[in-house]
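*Asks:* Chain residues, written in single-letter form:
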Amino acid sequence: MAKNYHRAAPVSLDVPLISNQEIWMNIALIKQYHENMPRIQAEKFVLNALQRLDLAHIAYKRNPALTDEERFVVLLLRAAMVKDALIIIDRPFKIIPHLKNSNSILQALKKIDDFYTTCHIYDYKWMEEKYGAL
Amino acid sequence: MNVLENIGRLGVKTVKSFLDTISFAFKVICRMFQYRSYNSAMRMVLINQIYFTSVQILPVFLIVSIVLGSLLIGIAFQLLKQLGLTDYFGNVLMGLIVTELSPFFTVLFITLRSASAINTEMAVMKVNGEMKTLETFRIDVINYLLLPRIINGVISLVLLSSLFSIVLMVSGILFSWLIFGMSTDVYINILLNSAKFFDMVIALIKCAVFGFFITLIPIRFGLRASREFTSIPIAVSGGMVNVFTAIIIIEVLSFLIKLF
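Each protein sequence line maps, in turn, to chains Z and Y.
Taking the working numbering, the leading residue of the first sequence gets 2, the next gets one more, and so forth.
Taking the working numbering, the leading residue of the second sequence gets 100, the next gets one more, and so forth.
It is possible that part of the hints are untrue.
As the list claims (entries may be wrong) - With a straight-line Cα cutoff of 27 Å, these simulated DSSO-like cross-link-like pairs (lysine-lysine) come out: (1) Z/95 x Y/225; (2) Y/225 x Z/32; (3) Z/112 x Z/32.
What the hints assert, rightly or not - Simulated coverage check for chain Z against chain Y, where a stretch passes if three residues somewhere in it have a Cβ under 8 Å from a Cβ of chain Y: (4) 17 to 27; (5) 31 to 44.
Unchecked claim - To be clear about the criterion: a stretch of chain Y counts as covered by chain Z if any three or more of its residues have a C-beta under 8 Å from a C-beta of chain Z, and this derived list gives those stretches: (6) 134 to 147; (7) 230 to 236; (8) 342 to 350.
Source of the hints: derived by calculation from the structure; they are not laboratory data.
All C-beta atoms, glycine included, are put in the ideal place defined by N, C-alpha and C.
Please put together the full structure from these sequences, using the hints given.
*Replies:* Right, dumping it as structure tokens:
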């Protein structure tokens with residue numbers, strides 16, 4: 002893990018979205034900063050990624066305007082922008098507290114599976130039943 | 100003895116804070132000249148900042164500069180006429196109003212509008228834990244947050260102060276005609292004869308230094324906020340007091356440079 006620290010991409014409420022930036026900017030930030038991806042290209046890339054998750058309409062909103070589900074997907078997409086991302090989801094049910102099971106989380110992960118290398122979900126033992134057969 | 104100890108402690112604290120600010124300023128200046136600091140994300144923030152500080156402000160700034168500039172020019176010209184110092188009106192216009200008062204009023208305006216906003220923005224980001232986000236994704240806070248804001252401060256101050264000077268000189272045409280009965284040709288001739296290149300350079304450098312420090316200091320104080328909301332007003336008031344102190348110090352230093 003120590004040698005892959007630059008691939009670590011956490012999805013957690015402790016790593017919040019930048020509140021004075023629009024959603025697409027939050028997601029594009031990593032590509033723009035680390036890969037110097039031009040603004041227009043980055044915007045297009047993020048809009049396509051959001052489109053896959055049927056969330057293109059939130060691209061120009063800001064963090065406080067999002068629902069819990071939308072916020073989770075944005076955090077996930079942002080993490081997936083890290084090159085060869087090793088996504089670490091920290092207590093997903095803390096981000097979307099009203100969720101009954103992990104189906105929608107797994108569906109979202111499946112839709113963007115070409116963006117990341119591996120994904121690990123960390124949660125408390127007593128949340129096990131919410132993950133079903135996983 | 101306690102009083103002396105407190106004075107000493109305060110003195111040491113002030114000197115330490117001053118030296119910290121200067122060393123931080125050098126660090127930022129070094130980053131300014133590194134090519135890799137100018138990535139796509141940084142450039143986008145820079146463009147947004149220039150828009151917020153220099154473009155969005157234009158209508159209000161123009162109205163304020165027309166009203167304030169006309170008032171200043173009117174009072175100065177009227178006073179010169181009453182004192183029989185009409186011959187010196189070019190020197191007063193260029194030496195005092197354009198190179199001294201125009202940067203000063205511009206820096207006050209930008210401090211009240213943008214420096215306070217930057218200070219609060221940084222403190223709120225710190226409280227929300229957004230700095231941790233940047234750190235987690237290995238995004239350098241200086242390159243991404245500080246540099247665009249500081250470069251924007253320098254560019255905006257120089258441009259807006261120049262605009263203020265242009266407005267002053269244009270309103271001078273009207274007042275020189277009303278008060279002295281002077282034609283536009285004569286007015287422009289006097290202005291050109293009174294303009295000194297060295298004064299202009301000093302004024303522009305002063306604007307750049309103002310721009311640098313009125314953004315650097317609020318950022319530094321904003322970043323001093325803790326994770327508690329109650330630390331925001333403390334960080335903002337501390338930052339603003341220090342910005343005004345810096346403005347006075349820069350004014351005094353520029354005056355001393357001109358004097359010697």
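*Asks:* Each of the hints needs a verdict: does it hold here or not?
*Replies:* Structure-based check of all given hints:
Between residue 95 of chain Z and residue 225 of chain Y the alpha-carbon distance is near 22 Å, which keeps this suggested pair within the 27 Å criterion. For the hint pairing residue 225 of chain Y with residue 32 of chain Z, the CA-to-CA distance comes to about 23 Å; that is within 27 Å, so the pair holds. Of the supplied pair hints, the one linking residue 112 of chain Z and residue 32 of chain Z holds, its CA atoms being roughly 19 Å apart against a limit of 27 Å. With 6 residues having a Cβ less than 8 Å from any Cβ of chain Y, the segment 17 to 27 of chain Z passes the three-residue criterion, so the hint holds.
Using a Cβ-Cβ cut-off of 8 Å, 9 residues of the segment 31 to 44 of chain Z lie near chain Y, which meets the minimum of three, so the contact claim holds. Proximity of the segment 134 to 147 of chain Y to chain Z, defined as three or more residues with a beta carbon under 8 Å from a beta carbon of that chain, is established by the 6 residues found. Residues of the segment 230 to 236 of chain Y with a Cβ under 8 Å from some Cβ of chain Z number 5, which satisfies the need for three, so the listed coverage holds. Beta-carbon proximity to chain Z at under 8 Å applies to 0 residues in the segment 342 to 350 of chain Y; the threshold of 3 is not reached and the given coverage is violated.
Going through the hint list in order, the structure does not satisfy hint 8, though it satisfies all others.
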